[in-house]
Every structure is written in structure tokens, then in C-alpha cells.
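Protein chains in written order, with my numbering: chain A, 815 to 1038; chain B, 135 to 570.
By construction, these hints were calculated from the structure, which means they are not laboratory data.
Built from N, CA and C at the ideal position, the CB exists for glycine as well.
Don't take each hint at face value.
Unchecked claim - Computed footprint of chain A on chain B; a stretch qualifies when at least three of its residues, placed anywhere within it, have a C-beta under 8 Å from a C-beta of chain A:
1. 137-143
2. 223-231
3. 337-343
4. 475-483
Chain by chain, the residues run as shown.
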Amino acid sequence: MSLLEIRNVSKIYGELKALDNINLKVEDGEWLAIMGPSGSGKSTMMNIIGCMDKPSMGEVLLDGKDISKESEKNLTSIRRDKIGLIFQQFHLVSYMSAVENVMLSQYYHSMPDEKEALEALERVGLKERAKHLPSQLSGGEQQRVCVARALINHPEIILADEPTGNLDEANENIVIDIFRQLHKEGTTLIVVTHDPEVGEVAERMIRLEHGRIISDVKNENFRG
Amino acid sequence: MFFFRMIKGAYIRQWKKMLIIAVTIALGASIATAMLNVMLDVGDKINQELKAYGANITVVSKSASVLNNLYEIEDDGSVEVDEMIKENDVGKLKTIFWAFNITDFAPTVETSVTVGGEKHKVVGTWFNHTLKLVTGETVITGVTNLRSWWEIKSGRWIDEQASENLDVAMIGKSFAEKQNLKVGDKIDVSGRVVDGETKTVSLKVVGIFEAGDESDDGIYAPLEKVQYLSGTENYVQKIEVSALTTPDNELALKAAKDVNSLSIAEYELWYCTAYVSSICYQIQEAIPYTVASAFRQIAESEGDILDKTQLLMTLITIMSMIGAALGISNLVTSSVMERSGEIGLMKAVGAKNSQIIILILTEIFITAIIGAVGGYFMGFGFAQIIGHTVFGSSIEMNGMVAFIVAVIILAVTLVGSFPAIRLMLRLRPSEVLHGR
Chain A
815 MSLLEIRNVS KIYGELKALD NINLKVEDGE WLAIMGPSGS GKSTMMNIIG CMDKPSMGEV
875 LLDGKDISKE SEKNLTSIRR DKIGLIFQQF HLVSYMSAVE NVMLSQYYHS MPDEKEALEA
935 LERVGLKERA KHLPSQLSGG EQQRVCVARA LINHPEIILA DEPTGNLDEA NENIVIDIFR
995 QLHKEGTTLI VVTHDPEVGE VAERMIRLEH GRIISDVKNE NFRG
Chain B
135 MFFFRMIKGA YIRQWKKMLI IAVTIALGAS IATAMLNVML DVGDKINQEL KAYGANITVV
195 SKSASVLNNL YEIEDDGSVE VDEMIKENDV GKLKTIFWAF NITDFAPTVE TSVTVGGEKH
255 KVVGTWFNHT LKLVTGETVI TGVTNLRSWW EIKSGRWIDE QASENLDVAM IGKSFAEKQN
315 LKVGDKIDVS GRVVDGETKT VSLKVVGIFE AGDESDDGIY APLEKVQYLS GTENYVQKIE
375 VSALTTPDNE LALKAAKDVN SLSIAEYELW YCTAYVSSIC YQIQEAIPYT VASAFRQIAE
435 SEGDILDKTQ LLMTLITIMS MIGAALGISN LVTSSVMERS GEIGLMKAVG AKNSQIIILI
495 LTEIFITAII GAVGGYFMGF GFAQIIGHTV FGSSIEMNGM VAFIVAVIIL AVTLVGSFPA
555 IRLMLRLRPS EVLHGR
């Protein structure tokens, strides 16, 4: 059984088909890159996989359970327990320090634990910057805090939307290295990106255009 | 606790917005506090204000009252002692339950006299008379306080405290003009004929007053002089009483119609409240052969003024609260819109709607408490300004007001936060985090 299975999923906004009859399986521990130009349906797909939106048609099976018809309340609960989110714009709470931003995710999941949050920051190399506010961190550092926040509750899937979109090359490499490390540890990664360099480091890459999957390829040069 | 770390962080980062919300609430609370304090105290204040317009109770003997009521007798100036009140009983006014509410009183005797061959009325009364009570206390009372609106055109009030000769009089302005009298002149006043002898006194004019009523045509002299002129020594015709009263309500009106119609509980409440009718009732208990009656128009106008003043203040309070609710609504809604990314993120990482509402409402209510406490004391200051400006005295702090203001602010804050809560519930993380 696949960790995630999308069956005949469409998302329609008025007359616009953002996703058009998508079928996709993601295995446990897989590193998938979803690529495509702007307006291809990447973010819509991420929202549906991330339980932040529901498809207009089709089924989304997570751990074999169809979540496409779940209530908003249940989707919140599934998102909290199974998915770690990373955003292009970081979305850190401006008045909370790095460690508090990580603890925020713990707080809404179970119970905040500063020691554990500091360990998560240590994994992304930011333990020394734990007490800094987002405004005192560089873009790369902020994104690493986001990664730590996504990791802290040990989700089944890490879902990253353009994780390197706002980063310079050096920071992009740091984030990709963290992903590599997570993949090695068996974490399932789904990375939405339009950047070929980021897509090409993934184990598998699908390409979207006009809401359809036009290619689904395994990366022959995947370094693992 | 992480929850309070989040609240503290929000305050540190958003202190300007929170300050504006606190100030908005403080302004609303201050107006509510001022209006409510004044409203609850205004009865006494209006009462004191109306007291300046003289007596509000008159006491006459029962027989005089019956005759006047039955035959609507025109007062011809003749007086009979069997229709009068014993002067010694006047002090009993200060023995009733509401004695301290009786602020001034003056017994009067009015009789017809001849001055320069013309008939005139002379009123004998106390001016600033020292009265020894049965309790051993002494009070100084009389028309000097009771007729505080009299304007002394020349001369002065008769001073019973000074050891002056009491062959003195105060005359009204019209009388002085007609008789061409001035301060220092003497008037020969002839009264009743007793045993073939006309009682006559010579009174020195010490003051000319303008009252703006029929008193301007009369003569006011010390009580004992007029008692002598009318042959009614040790008796008084009428007692004018100024009492601080509670404005009439339905219970007071019911009691005024028929005390016997009251239940025991109503009777006790009425008897122990300073309604003008219960004070009259107690005066009649103290001096059983008298009838004490209220100047109804004063009691009624007092009630009318009070009702209108309280309605006005209630409207001001309601309007200020609506203003505060709108202010809070705008500020909290704009705060939520500014923080939509943060709220969307919280939802994205698994926060329930209820958890976010509790977080935002806690921030707002802490702000509201700070604003309300500040506003309460500000409002009490405003109440004092209103008290001193309008009534010339301070407004008492009423504990009930704090409770009412707290409830009002709670309700206004909740109502004001409602649009923001709706907005929060509608926020979808996919929309605010991805802009779709």
C-alpha cells in the first residue's frame, strides 16, 4: 500500500480546471519533486496533499484512508499528525524566536518541549541562533527554522512548497543537504518547485502542465 | 506556559495596536462610569438643587386643613388658636426617623395688620432661630436658609443670633416702594384688638428683599412679634419644611394615595425610604393633630427632571458603548487581517479554530481589562468634574457601577470582536499561505 495515493483528482475553480484527473502514488520514504511552470497546478496539488484544500472530484488516500471527503476539522487533525509543511515565504511568527516558532508546532500538536525543539534546530544547524527573532535571521536560516518546525512532530510526509525560492545558492544547497539527510533517515519528501536544479536532486520527478501530469520519471542520477 | 509566551510576544510586537484598543475601551468605560455614577447620584443632587427653591412640605393643624379643603376659605388674615399648632411642638419635627433629612424648617403666623391706615399682611417667622430639641441638641433654622433665593436689595437679613432688639422687620420691594420706605425707617403696625386694646408694635426696617412673588408686597417680622399682634402667643399657623427626599416612584405614589393599601413589606420599604410621603406620614405621627403635605409640583418636577436626566445619560452611555464596540470591531478586525498569515500558519500546523479564538480573545480581554480599569478611574474623575460643574458637589463612588461597567465592557468587547472572529473562522490556510 502506498503512503499517498491520488485517484482521478480534479480541482475546479469556476471554469478553471486547476487539476485535471490526476493519478499519483507516493511510496513511504520516497523523495518526489513536483515541477511545472506557474499556473500548472503545483500549489493546488500541494494544498490537497497537505489537507489544506479538498478536491472537486476524485479520492486522496493517505495511509489507505480516503481524506477527500473529510471535514475541515478532521483535515486539521490529519495535517497536524501526519504532515510537516515548509513554505516559500517561510511564514514564521515575527514576534517569536526561532525555538518558539518550532515549539508553536509542538504546542498545537501535543505539548511544547523546548529541549526537543532545540534538538530539531541543532539538526538544521541553528542551535546557536535559537533565541533569535526571524528578523534577526537570514533567509536561509529562516527556511531552516521552517524545516525544523516541519520535522518536530515526526510527520509521515514533509511537504515543501518552493523551499528554495527565496534563497541564494549557498542557502539552497544547505536546505537540499538537509533534505538529503531526511531522505536517508526515511522521511517521505514531496517538494513542489519550478527550479530544475531542486527538482533534479529528487529521487522521482513529475511534471505538471495545465493541471495534468505530463511526465513522471525516476532520477537515474539520484545520489540518495 | 507557552500560551502566555505567545500572548506576551503578541503584546510586545503589537503594543501600539493594543494601546489603541485599550484607549478605545478606556474611553467607552470612562463615559459609562461617569454617566452611571452621576445617574445613580443625580437623584440626591437634583434634590439638593430643588431644595434651593424652598420648602417642599407644609404642616398645618388638622382643623385648619379640613376647613381649607372643605370650604376653600380665602385667607382673611384672621387666625384662631384652635386651628393652630403649638409652638412647642415644632421641635418634634427633628425627632422623626428621617430627622437628618429635614434640613430647614420655619413656623409662620400670618395676620392682617394696619400700616399707615392701610390693610397689609405681616408674616411672623423664624429667621435664624436657635431651637433646643428634646434630645438636648440645638439647631439653627428659619427662612434665612429656606428662602435662599430672596435677593436682598438693601440692608440685611434679620439676625436672631445677634443680641439685637427684635422690633425689626424685613419688607418686600413693592411694599417699600409703595410706602416709600427704606432701611432704617420705622413702621407702626397695628394688629388685633384684644380687650378693647389694639396691639401695636413699631418695627425698624433692617432689610428690603425681592422674592419675585407676592411676598414682595408683605412684611416679615420675628415670630413672637406677629404672635403678639395676632394674639396667638405660643402658637403657629403653619410650618414650612425643607427635606431631602427620594424622588417618587410607583410605591410612593401608591402610599400617597392610601397608606393602608400597602402590604407589610411595601410599608416597611416605603417607611424606611425618604419619600416625601413617608416623611409627611412620620411628621403626622410626631405631631398627631397636624396634616403634613408635600408641594406636589416640586416632587413631580423632581421626578420628571430625574427621569429625563437619567434617560439622557442612558442614551449617552449606550451611544458611547456603540462607539466603543465599533472602534473595537475595526481595530480587532484590522489586527486579525494584519495577522492573517500568522493565523493561517497556526491553522496549517494544526491549530483548531477554538484555540485561535481563545488566543485572540485572551489578548483582547487582557487589553479590555487594562482599558476598563483605566477608564473606570478616568470616568470617576469625569463624574467629579460633572458633579462640581453642574451640581457644585462631588459624586459618590458607587460600587455597583464597577460591576455594571465590567459587564458592559465584557459585552461590548465580545460584540466588537465578533466580526474579527467570523473573519478568523473563514480564514483558510491555503488562501493566506499561498495567496489562492
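Hints, one by one, checked against the model:
Only when three residues or more bring their CB closer than 8 Å to a CB of chain A does the claim for the segment 137-143 of chain B stand; here the count is 4, and the claim holds. Judged by the Cβ-Cβ criterion of 8 Å, the segment 223-231 of chain B is not covered by chain A as claimed, because only 0 of its residues qualify and three are needed. Coverage of the segment 337-343 of chain B by chain A is violated in this model, with 0 residues showing a Cβ closer than 8 Å to a Cβ of that chain against a need of three. Given as covered by chain A, the segment 475-483 of chain B passes the check, having 8 residues with a CB less than 8 Å from a CB of that chain where 3 are the minimum.
Comparing the model with each earlier hint shows violations of hints 2, 3; every other hint is respected.
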